Amino acid sequence: MSIRITLPDGSQREYHDGVTGFEIASDIGPRLAKAAVAVTVDSAMYDLHRPIDHDAAVSIVTENTEAGRHVIRHSAAHIMAQAVLEMFPGSTYAIGPAIQDGFYYDFGVEHPFTPEDLARIEEKMAEIVEADQPFERGELPIADALSVFADHPFKREIIEGVDSGEGVDSEYVSTYRNAEFLDLCRGPHLPSTGRLKAFHLMRSAGAYWRGDENKPQLQRIYGTAWESKKALDAYMLQLEQAALRDHRKLGNELDLFSFPPELGSGLAVWHPHGGILRREIEDYSRRTHRNHGYEYVVTPHVAKADLWETSGHLNYYRDGMYPVMELDGGEGKPGQEYFVKPMNCPFHILIYRSRSRSYRELPLRLFELGTVYRYERSGVLHGLMRARGFTQDDSHIFTTEEDLADELKNLLDFVLMVLRDFGFEEFEADLSTRPDKYVGDVDLWKKAEEYLASSLEAADLPYQLAPGEGAFYGPKIDIHIKDAIGRRWQLSTIQVDFAQPENFDLEYATSDNTRQRPVMIHRALLGSIERFVGILVEHYAGAFPMWLAPVQTTVIPVADRHQDYAEFVGAELTERGVRVHVDGADETVGEKIRRAITQKHPAVIVVGDKDVEAGTVGLRLRGEDNEQRGIVLGDAVETLAEMARPPR
RNA sequence: GCUGGCGUAGCUCAGUUGGCCAGAGCAGCCGCCUUGUAAGCGGCAGGUCAUGGGUUCGAGUCCCAUCGCCAGCUCCA
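Note that my numbering numbers the first sequence so that position 399 is 399, with each residue one more than the last.
It should be emphasised that the hints constitute simulated quantities derived from the structure, not laboratory data.
Bear in mind that the values here come from a model prediction, so they are computed numbers and not experimental data.
A few of these clues could be false.
[Stated by the list, open to error] Distance ranges between label pairs, derived from CB positions:
#1 R360 to D505: 30 to 40 Å
#2 P216 to I28: 45 to 55 Å
#3 T514 to R353: 16 to 26 Å
[Said to hold, decoys possible] 25 Å max Cα-Cα, derived DMTMM-like pairs, lysine to aspartate or glutamate:
#4 K215 to D436
#5 K124 to E136
#6 K446 to D478
#7 K447 to D430
#8 K600 to D625
#9 K610 to E638
Glycine included, each C-beta is placed from N, C-alpha and C at the ideal position.
Please construct the entire structure, taking both the sequences and the accompanying hints into account.
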């Protein structure tokens with residue numbers, strides 16, 4: 001009896017019933033067979049040596065593909081668990097999936113792993129690889145599985161929770177065995193442990209069972225595994241290079257900002273160069289908002305408890321706020337409670353409500369660079385990316401329900417324009433819908449979700465649905481950008497809010513003089529300016545586009561006698577709005593050029609005898625290997641002034 | 001917040017199993033050099049070894065606590 005196998009190129013071949021992926025691969029070619037790690041049979045993944053018993057579309061999964069690496073990493077996780085269980089008697093194991101770039105496995109162990117343990121585990125893994133043990137697939141009835149894993153409560157919990165994706169269906173569980181080690185697993189796996197060619201254990205850390213902080217904390221070991229030593233080395237090199245972009249490191253080296261411990265965690269101070277960068281971003285933000293129909297407002301940093309009561313923040317968000325301040329109390333008289341603001345919206349709402357509003361004023365767009373404080377849990381702080389004090393380019397738009405769809409569409413166009421101006425090219429969106437904990441009417445939520453979805457479609461922005469991820473007061477769109485080394489960052493957020501207008505009883509007069517409730521949109525384009533600077537630093541590795549660079553041009557006199565001319569060149573550039581540093585230090589030209597380059601200044605001008613005489617400069621632009629000499633001063637100034645101009 | 005790791009000069013780091021003076025490079029300051037495209041030369045100064053307790057004849061080194069940082073988990077209105 002034979003079966004018909006369809007290959008990815010559409011060709012069909014006849015094989016005997018029970019043919020394996022390996023046999024098919026070998027039949028196609030020895031190199032394919034060598035690179036094969038698994039096989040897809042219709043929509044399922046099979047081990048290379050698992051018999052195929054029906055007509056199917058088959059494709060060979062090779063080791064140098066993401067799917068292939070997934071198999072490699074999953075097998076590496078098993079081998080690691082095997083090593084750990086053998087080396088640490090009495091320990092138990094939970095789950096160990098392949099993840100982006102690697103794998104992990106969670107263990108219940110008596111003592112957390114030390115870095116030395118990781119090195120020893122890695123050695124043990126190398127022995128298992130050396131032994132080249134075959135991975136063997138098996139199936140167990142649920143009841144048998146429960147007794148096989150009697151000593152492993154986490155495995156039992158997985159078995160009891162059918163459909164967990166860990167190789168469990170309603171009656172049987174699939175298992176994999178190599179040597180003495182048995183694990184619950186859906187597979188597929190490498191044919192044998194010897195096929196694991198390159199791996200490295202990265203770190204260990206605590207991780208809650210099932211990701212729930214109320215459940216026991218397990219010890220997780222992260223590792224990475226690749227199809228070859230070369231691929232592993234390339235990955236490690238990539239990690240090193242990413243570390244060189246770290247905004248905390250560059251922020252220090254470029255003297256942009258710091259986090260003095262004296263201030264408290266998560267609170268940054270901006271040094272002069274960082275201040276320029278921020279200022280440039282903020283000026284751009286004010287300018288573009290003004291040109292897009294926004295009105296600039298300013299609000300204070302604290303407000304009475306009543307306000308936060310009305311807005312719902314004290315109810316829904318108190319844990320994220322700095323604790324209460326009590327003022328004007330004493331002598332038995334109760335004080336007035338104040339809170340530092342975690343958001344700007346209630347203030348903007350009060351501006352809206354400061355007088356009666358007409359439909360003629362809508363949409364009313366109030367914009368502020370509003371500084372907020374959030375009491376982030378200490379473990380989540382991360383440089384500028386996650387700080388406790390930060391400034392949002394925040395706006396609240398009050399609109400009629402009829403205008404909402406148009407407003408959202410315009411808003412998306414605006415967002416994308418801004419992000420492109422800062423040098424980002426690739427965008428994706430998430431549409432987050434109603435969470436469990438929410439305020440407002442379900443029908444209104446649904447309507448808002450529809451508006452957001454249609455605005456995304458109108459803007460032609462690819463998006464994914466994030467069910468239940470919305471804010472407590474409304475659904476939202478988050479826009480993610482892709483940076484220079486391919487990482488995704490969430491930047492912009494657009495949130496529809498049907499609740500706050502209700503809470504604050506907002507209204508406007510319609511054309512037939514009835515009262516209507518406006519709809520509110522919260523939105524931030526750059527999000528937090530702090531975080532945005534962090535992302536820019538990492539995106540550009542500190543080499544900012546010229547309009548953002550704190551120092552745009554360094555002017556270097558060759559010798560002391562050229563100092564006056566250097567100052568003159570500097571003044572000409574300053575006159576044209578270029579930020580210039582004339583480096584008159586008592587050092588060699590080479591040293592000063594080196595400093596300008598390591599500080600990532602976009603342009604370096606060197607002036608000597610010939611330049612003084614001819615009214616020229618030597619110009620070296622960042623990224624160019626060789627300088628140009630003898631450029632007429634006026635031309636150089638013109639070129640640099642043009643390069644330094646903001647995008648709009 | 002939880003688990004683990006780390007904290008020596010402004011920065012990057014050395015400091016053997018606890019044992020006389022805590023060291024280097026860069027940055028800083030003072031001189032010399034007057035320089036043409038990625039580090040010229042010499043000198044000086046700079047640290048109560050995160051902080052507070054403890055063990056010890058003796059602590060940068062060992063123990064405890066606190067603060068801060070790093071990685072991960074949880075969280076991010």
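message: Run through the hints listed earlier and report the numbers of any the structure violates, in increasing order.
response: 1
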